[in-house]
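*Asks:* As they're listed, the protein sequences go chains A and B.
Residue numbers for the first sequence follow our numbering, so the first one is 2 and each next one is one higher.
Residue numbers for the second sequence follow our numbering, so the first one is 34 and each next one is one higher.
Hints were generated in silico from the structure; no laboratory data involved.
Think of the CB as a built atom: it goes at the ideal place given N, C-alpha and C, for glycine as much as any other residue.
Fair warning: there could be bad hints in the mix.
[To be verified] Cβ-Cβ distance ranges computed for the label pairs, FRET-style:
| hint | chain 1 | residue 1 | chain 2 | residue 2 | range |
| --- | --- | --- | --- | --- | --- |
| 1 | A | THR108 | B | ARG119 | 45 to 55 Å |
| 2 | A | GLN174 | B | ASP56 | 17 to 27 Å |
| 3 | A | GLU194 | B | ALA150 | 49 to 59 Å |
| 4 | B | THR98 | A | PRO24 | 46 to 56 Å |
| 5 | B | PHE99 | A | ALA279 | 29 to 39 Å |
[What the hints assert, rightly or not] Anything over 10 Å on all C-beta distances counts as not near chain B; from chain A, calculated:
| hint | residue |
| --- | --- |
| 6 | GLU4 |
| 7 | ASP5 |
| 8 | ALA23 |
| 9 | SER27 |
| 10 | GLY109 |
| 11 | VAL121 |
| 12 | THR184 |
| 13 | ARG187 |
| 14 | ASP193 |
| 15 | SER205 |
| 16 | GLN207 |
| 17 | ALA217 |
| 18 | ASN221 |
| 19 | PRO272 |
| 20 | PRO275 |
| 21 | ASP372 |
[What the hints assert, rightly or not] Sample of chain A residues facing chain B (criterion: CB under 7 Å; computed from the structure):
| hint | residue |
| --- | --- |
| 22 | MET8 |
| 23 | LEU12 |
| 24 | TRP15 |
| 25 | ARG20 |
| 26 | PRO24 |
| 27 | PRO29 |
| 28 | LYS110 |
| 29 | ALA279 |
| 30 | VAL296 |
What follows is the residue order along each chain.
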Amino acid sequence: MTEDDAMDQRLRRWGADARAAAPPVSIPDVTSARWSRHIAWPALAAALVAIALIATAVGITAARSNKQASNAGHTAPTAVTPATAPEGMRAVVFHGLAVNVPFAWSTGKAHCGVPTENTVLLDGPTEACGVGELPAVSSVSFKQFTPGSVPTPPRACCALDGSTTETPAPQGQPITVGDAPATRYRSEPSPDEPFFTDTITVESHQAAIIVRSPDAMTINGIIASLRLEQADTNGCVSYTEQANFSPPGTASPGAPSGTASPGELEGSVPPLIPDNPASLTVCRYFGGWIEQSNVLNEDEAANLVALINDAPEGTSTSDSAIGACRSPSRTQPVAPAATEGFTLTAAYPDQETVVVAAQISCAPFGLLNGDSTRQMTSDIASALVSAAGASKGWPMNFYPNP
Amino acid sequence: VTMGAEESMLRSAPLASMAREMDFAAWVAPHAGVLAAVAIREVGAAAAEDVVQEALVRAWRRRSTFCADRGSARSWLVAVLLDQARRHRTRRPALSVVVDPAEHPATEIDERLTLEAAIAELPRRQRQVITLHYLADLPVAEIAALLEFTTGSVKSALHDARSALRRRLEESS
Numbered sequence: 002m003t004e005d006d007a008m009d010q011r012l013r014r015w016g017a018d019a020r021a022a023a024p025p026v027s028i029p030d031v032t033s034a035r036w037s038r039h040i041a042w043p044a045l046a047a048a049l050v051a052i053a054l055i056a057t058a059v060g061i062t063a064a065r066s067n068k069q070a071s072n073a074g075h076t077a078p079t080a081v082t083p084a085t086a087p088e089g090m091r092a093v094v095f096h097g098l099a100v101n102v103p104f105a106w107s108t109g110k111a112h113c114g115v116p117t118e119n120t121v122l123l124d125g126p127t128e129a130c131g132v133g134e135l136p137a138v139s140s141v142s143f144k145q146f147t148p149g150s151v152p153t154p155p156r157a158c159c160a161l162d163g164s165t166t167e168t169p170a171p172q173g174q175p176i177t178v179g180d181a182p183a184t185r186y187r188s189e190p191s192p193d194e195p196f197f198t199d200t201i202t203v204e205s206h207q208a209a210i211i212v213r214s215p216d217a218m219t220i221n222g223i224i225a226s227l228r229l230e231q232a233d234t235n236g237c238v239s240y241t242e243q244a245n246f247s248p249p250g251t252a253s254p255g256a257p258s259g260t261a262s263p264g265e266l267e268g269s270v271p272p273l274i275p276d277n278p279a280s281l282t283v284c285r286y287f288g289g290w291i292e293q294s295n296v297l298n299e300d301e302a303a304n305l306v307a308l309i310n311d312a313p314e315g316t317s318t319s320d321s322a323i324g325a326c327r328s329p330s331r332t333q334p335v336a337p338a339a340t341e342g343f344t345l346t347a348a349y350p351d352q353e354t355v356v357v358a359a360q361i362s363c364a365p366f367g368l369l370n371g372d373s374t375r376q377m378t379s380d381i382a383s384a385l386v387s388a389a390g391a392s393k394g395w396p397m398n399f400y401p402n403p
Numbered sequence: 034v035t036m037g038a039e040e041s042m043l044r045s046a047p048l049a050s051m052a053r054e055m056d057f058a059a060w061v062a063p064h065a066g067v068l069a070a071v072a073i074r075e076v077g078a079a080a081a082e083d084v085v086q087e088a089l090v091r092a093w094r095r096r097s098t099f100c101a102d103r104g105s106a107r108s109w110l111v112a113v114l115l116d117q118a119r120r121h122r123t124r125r126p127a128l129s130v131v132v133d134p135a136e137h138p139a140t141e142i143d144e145r146l147t148l149e150a151a152i153a154e155l156p157r158r159q160r161q162v163i164t165l166h167y168l169a170d171l172p173v174a175e176i177a178a179l180l181e182f183t184t185g186s187v188k189s190a191l192h193d194a195r196s197a198l199r200r201r202l203e204e205s206s
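The task is simple: from the sequences and hints, build the whole structure.
*Replies:* Structure below.
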């Protein structure tokens with residue numbers, strides 16, 4: 002080795018050491034109007050939000066889910082800020098996970114579980130059929146997440162049912178979404194699957210989000226907006242146990258007191274929901290996590306309120322049950338993880354807001370406002386399902402609870 | 034809304050802006066450490082952060098001028114950085130490089146400080162070619178394009194710089 006070669010080697014080591022010892026660099030928020038030539042490094046770093054955090058594995062700052070442990074139907078809704086999105090976008094929230102998508106994107110536009118246009122797909126039953134070719138569209142799919150498997154988007158060859166497309170877990174990258182540990186799985190386009198796919202599972206929220214697009218920029222933009230929200234866009238809290246109430250006489254803190262028995266004279270008790278609410282928000286929960294919601298218009302609200310108030314007092318049972326609910330007349334509270342339910346929040350200009358819990362997943366079925374109950378009927382269940390959106394565990398027949 | 038119109042809407046929506054920022058961040062990220070290391074040697078540790086930030090914002094604004102046929106992303110970013118460093122030097126004098134003793138053994142620190150000091154004493158052009166070749170890890174051809182030299186001139190400058198460094202280190206020992 003010549004002297005020049007020795008110096009060359011020494012300089013190469015110096016260069017490598019210098020690169021390794023370089024201080025971390027925050028990539029500036031290049032499109033922000035707040036940027037100025039002399040902005041300080043720490044202040045700039047604080048303004049980076051999505052870019053820098055995504056670059057370091059999606060450490061997205063966000064609000065923590067609001068895990069309310071309140072009794073069913075007893076409390077007024079906690080003041081939470083509904084999820085919002087920048088102009089031209091809309092927020093979509095599922096189990097407390099939120100992303101922004103272009104405002105023009107539809108919801109639920111799919112055939113055989115395969116998106117037919119740029120759309121948002123929420124977990125739920127899909128038609129049992131197959132499609133020959135995947136349309137070149139972008140989609141965001143939210144799914145309930147079961148640890149040990151990674152939900153995948155439907156394939157062209159076997160898009161039968163969203164619930165049957167799960168595969169053994171591949172290697173994922175550990176990340177955090179807000180303060181929630183998560184795992185990220187990314188895939189590049191292939192001849193069989195000409196899409197970029199980004200899947201993030203968040204076990205603590207029992208949810209997974211799958212973003213699929215032929216365009217990597219679209220995925221990056223959507224994933225950059227991934228965050229935790231305390232409530233969805235209609236103000237339904239992300240997590241609640243209100244929708245899961247226990248029958249009268251059990252040890253559950255949600256049990257109402259002084260509940261009238263079935264068959265008591267109608268008209269002798271106040272309505273479950275006072276007439277003419279200024280607004281009626283229907284929130285659908287599974288396992289305590291928000292899945293869908295809707296704010297009813299005046300006519301829809303009046304019809305649903307009348308239907309509920311006309312129902313007999315007490316609770317109901319059914320000739321069938323779903324999931325973990327095997328007993329039609331259970332006497333112990335069922336874990337909220339297995340239950341589907343609704344909250345109805347009726348607001349009035351001149352009186353207190355009324356919150357009603359409606360349970361259709363596990364017996365006893367019924368509606369509860371904290372003071373009294375109404376039996377669940379097929380008509381009410383059908384109305385709730387159509388008011389909030391697609392549902393699992395329906396239809397079934399209801400009977401008065403003995 | 035037809036699919037074409039919707040795609041067009043997507044391109045012009047805030048989402049597209051976010052995506053472009055994301056792509057820029059991803060494009061810059063692999064070179065950020067090199068930019069910081071070069072900046073420290075050009076303007077000193079205290080000013081390096083600001084210079085890198087200014088350079089990256091400038092790079093974003095001038096991103097349409099980047100042409101992959103003319104050189105790598107790293108050499109283009111380094112060129113923007115050097116230009117920004119030159120502007121900075123006209124405003125403030127450079128400060129010396131600081132090596133964190135906690136990260137290196139004493140003998141290694143001595144060796145590094147000696148080499149750093151020797152490099153810092155080189156004439157500007159020799160110092161730049163050493164920094165660009167060994168620290169930024171740029172090939173001779175890209176350094177030539179960046180500094181508007183011929184490749185022969187860069188090779189010659191590198192050889193002269195190594196010889197000068199060897200002499201200085203021998204004298205100091």
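*Asks:* Look at each hint and say if it fits the structure.
*Replies:* Each hint tested on the structure:
1. A/THR108 to B/ARG119: 45 to 55 Å: Check passed, 54 Å falls within 45 to 55 Å.
2. A/GLN174 to B/ASP56: 17 to 27 Å: holds, 19 Å
3. A/GLU194 to B/ALA150: 49 to 59 Å: At 56 Å between Cβs, range holds.
4. B/THR98 to A/PRO24: 46 to 56 Å: violated, 27 Å
5. B/PHE99 to A/ALA279: 29 to 39 Å: violated, 56 Å
6. GLU4: violated, 6 Å
7. ASP5: Given a closest Cβ separation of 6 Å, the condition is violated.
8. ALA23: Not fine: 4 Å to the nearest Cβ puts A/ALA23 too close to chain B.
9. SER27: The claim breaks: A/SER27 does not keep its Cβ more than 10 Å from every Cβ of chain B (closest is about 8 Å).
10. GLY109: holds, 16 Å
11. VAL121: It holds; A/VAL121 is separated from chain B by about 13 Å at its closest Cβ, greater than 10 Å.
12. THR184: holds, 20 Å
13. ARG187: holds, 12 Å
14. ASP193: holds, 22 Å
15. SER205: holds, 26 Å
16. GLN207: holds, 27 Å
17. ALA217: Check fails; 8 Å does not lie beyond 10 Å.
18. ASN221: A/ASN221 is in fact no farther than 10 Å from some Cβ atom of chain B, at 4 Å.
19. PRO272: Non-interface label on A/PRO272 holds, nearest chain B Cβ at 43 Å vs cutoff 10 Å.
20. PRO275: Its Cβ never comes within 10 Å of chain B, the nearest being 41 Å, so this holds.
21. ASP372: holds, 46 Å
22. MET8: holds, 4 Å
23. LEU12: Holds. Min distance 4 Å.
24. TRP15: holds, 5 Å
25. ARG20: holds, 6 Å
26. PRO24: It holds, given that the least Cβ distance between A/PRO24 and chain B is near 5 Å, below 7 Å.
27. PRO29: With Cβ-Cβ at 5 Å, under 7 Å, it holds.
28. LYS110: The hint is violated - A/LYS110 has no Cβ within 7 Å of chain B, the shortest such distance being about 11 Å.
29. ALA279: Hint on A/ALA279: violated, closest Cβ of chain B at ~32 Å, above 7 Å.
30. VAL296: violated, 24 Å
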